[in-house]
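Protein chains in written order, with the UniProt record's numbering: chain C, 1 to 413; chain B, 1 to 418.
In short, the hints are calculated from the structure, not lab data.
Hints may be right or wrong, so weigh each one.
Coverage of chain C stretches by chain B, computed from C-beta distances (three or more under 8 Å per stretch; other residues unrestricted) [as the list claims (entries may be wrong)]:
id, region
1, 17-29
2, 231-244
Pairs of lysine-lysine, DSS-like flavour, derived with a Cα cap of 27 Å [what the hints assert, rightly or not]:
id, chain 1, residue 1, chain 2, residue 2
3, C, Lys293, C, Lys374
4, C, Lys336, C, Lys293
5, C, Lys293, C, Lys340
6, C, Lys278, B, Lys181
7, C, Lys278, C, Lys324
8, B, Lys129, C, Lys278
If the Cβ cut is set under 7 Å, some of the chain C residues that face chain B in the computed set are [to be verified]:
id, residue
9, Thr93
10, Asp135
11, Gly266
12, Gly280
13, Met345
These numbers were taken from a predicted model, which means no experiment stands behind them.
All C-beta atoms, glycine included, are put in the ideal place defined by N, C-alpha and C.
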Amino acid sequence: MQQQIESIVLPNGLAIVSERMPDTRAAAFCWLLPGGSVYQQPGKAGTSTILADLLFRGAGQRSGRELLGQLSLLGVQNEESITPAHLVLSGVTQARNLVETLPVYADILRRPHLPEEEFDAARSGLEMTLASNEDDPRQKLTLELRRRTYPAPWGIPADGELADLPTIDMDDVRQLAKSSLQPHQAIFSVASSLALSDLLPTLEKLLGDWQPGEITAPPLPPTTGGYDHLTHASQQTQIGIAYPAADSTHPDYLKAWAIVSILSGGMSSRLFTEVREKRGLCYSVSANLHSLKGAARVICSASSQNERAQETLDVLLAELQRLKLGIAGEELARCKALAKSSLVMAQDSTSSRAASIARDWYQLGYVRTLQSLKQQIEDLTVPDLLAYLDRWPLANLQILTVGPQPLVIHFNQ
Amino acid sequence: MTQYYQQKPMLQQATLPNGLTILGEHRPSAQSVAFGFFVHTGARDENHACESGVSHFLEHMVFKGTDQLPAEMVNRLFDDLGCNYNASTGEEVTTFYAAVLPEYFETVFPLQAAILFPSLREDDFTTEKQVILEEIAEYADQPVYVAYDHVMQLHFREHPLGQPILGTPQSIQSLTAEQMKTYHREHYLAGNIALVVAGNFDWDQVLELAAKECGHWPAGETAHPCRCASPAAQTVVIAKPALQQQHIMSISPAPDSCHRLRYAAEMVSIIVGDDSNSRLYWELVDPGLTDIAEISYSDYQGCGTWLTYLCCDPEAAEDNWQAVRKVLEELDTKPFTVEEMEQARNLLATRLVSRGEQPMHRMLAIGQNWHSRLEYRSLDDELEALDQVTMDDLQSVIREFPLRLTSTVSVGPNTATL
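Just chain C, with the same shape it has in the complex (with noise of 0.2 Å):
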């Protein structure tokens, strides 16, 4: 089936990308602000997610309560997050409530209150929501590899630090706000039943004329390895491993994209048929790409009891060291059926599409069709995947444990 894809960019920078999906009826959407974590101020880390806690504190004629209110009432799902790069303003409704829906985020985006006596209420959930990520150590590794393998300000967690809170106070919030809201590389994406047309009047009537501003990303500068440890009383010890690949910008993203497949696309790849089928020794074992843009990771990540945890990063290591010796036809082969399948099955999912092709614009500056993906990746040889490996040695690999004990790397950077 041909993906009905439309984009324009409206004279104040604003970029609207809508793809119709007519036979759903509920309708996915996407706002990237360049309000993310790399734009918020030295030493202030969490400004990002306090101001997008306070945009739905009250906006326009709305206070907060009649804001959620209204919001409910439109059978709206809504979702704040916070990336590197972007405050992300993500929902999803019925289609028949889509346009009804612009006006309330015209107004949270244009005419927020960002009430300063609710300030120290968003700051205090954010203080709970962080310590919480403490006590996981799944998370609080996620959240450390990151730190340590993305120079800052691109790996400090998205959400914010615990010993950065005490630091922020309102006029950071409101600076950001005033950085960040406005139409300069934003991006709304939509996917629905509706075509870009039964939109477009009533967004530009809310957005034509919203002032833009000017914002530049700070620089990835790039990245050394290295191992660390930190001491957690758990059974299991954590263990992530990340390294840097093609990011999604790149000519070999695609080459990246199938290595992480063979390593982790199924469940008879490579980490898990050797880590978990024929040794037992961890529930959860996995790789993926992860990208920003100009930069990116293979972040391979397990669990296991922690007398057991040296042998799992042992063969973790050793797998990926196999990589370079050699890849079957059959491994490709395998990792472009299932990319097939998951490119065909993104189709009926709105939420999926709304994320993808607004990623896709920041990214790229276009949406790539499913079609066009589906063809680049059945083009792979396995020359092709060898190639790339020569190219993309495994080195400057970040390590990091989180568990009662450290273990030993047997691997010569």
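Mind docking chain B on chain C? Use the hints.
Just chain B, lined up with the frame of chain C:
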């Protein structure tokens, strides 16, 4: 003119002579076909003394293959076809499910059907036992799961719903492959299993494949006695001095899976305890007293539960728990408003619609409905039932099943008994 949704799915149903139920929801415009076997067995069917965790362990062992199919071949064959497949075990049902592109359905179906009757080889059993022990350890390191397991055990006491799905390290260590074989023989009977197919498929082909691949399965079904829980109001404290936050969970009885008020119960849980714009949200989360204060509703056969969860600074745990208690007690004097009811109805409708987009999710919803109520409902049936909930229903449900903090478990540094 804008079209919002034009295609109504077609519902089909059949039963094989051995008792296997087959349900299909056909939507030709879907990109994939999803199918699942819902086996009516779970933690509540286990003999607590000697086989706790066997249903879940058996779910893992299914993927270890048959006499003709060694373990590594099973995963490879599924992956070769780009199949999105997995399984899950709950208190009452074990589900094996897969989604594929329509052209591969004919190849994947026999594989999925065959492995439901696995060899249960001794060496596979021994290796997989280690995986299960790792899974238990993984959950034991996460306070929210510690709280959940304990509060279920506390609330249901001797009732089979209180048994941990994963079992315990001791029960898993002592379980034998022979015990598992017996359990499989007694529970994997065609009358205990429903096959559900959703999305883009050919019904005649489904019937033909099911007859060929499942027609020889042993007939019969097992009894699933239901009785109500009889919780004793209790609080248990699990001291975890190293934690940063206090995790408190409480359960009280709610409508069971066949109760006429179960949609009303869903709406009440949203009005009182959704993660945003609920009564608990405005009382505790909005002012920054906690970051989580929520209520969820679960329905089982013969019993339901309201589960209240609070996560907050340990020093403020008693005050916050009092605030939760106050919100629940005030339900007697502060009736629900029409606005609250309509907001909850619309939110729930969106959740149903967005979860219903993909064949995989529809298949799981249909299977759950069938398992719980022997009832076959389309998404429109669900939305219509939701539309019919009245204010009287909401009031009835909290009159019959008051939201209270009956069985409570507190995990964290604060050892106060609340």
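Do the hints match the structure? See the list:
1. 17-29: With 6 residues in contact (Cβ-Cβ under 8 Å with chain B), the coverage given for the region 17-29 of chain C holds.
2. 231-244: holds (count 4)
3. Lys293(C) x Lys374(C): holds (22 Å)
4. Lys336(C) x Lys293(C): holds (24 Å)
5. Lys293(C) x Lys340(C): The given pair, whose Cα atoms are some 24 Å apart, holds under the 27 Å limit.
6. Lys278(C) x Lys181(B): Between Lys278(C) and Lys181(B) the Cα gap is close to 22 Å, so the pair holds against 27 Å.
7. Lys278(C) x Lys324(C): holds (21 Å)
8. Lys129(B) x Lys278(C): holds (12 Å)
9. Thr93: holds (5 Å)
10. Asp135: Given a least distance of 5 Å, the restraint on Asp135(C) holds.
11. Gly266: holds (4 Å)
12. Gly280: Cβ of Gly280(C) sits 3 Å from chain B, so the hint holds.
13. Met345: holds (5 Å)
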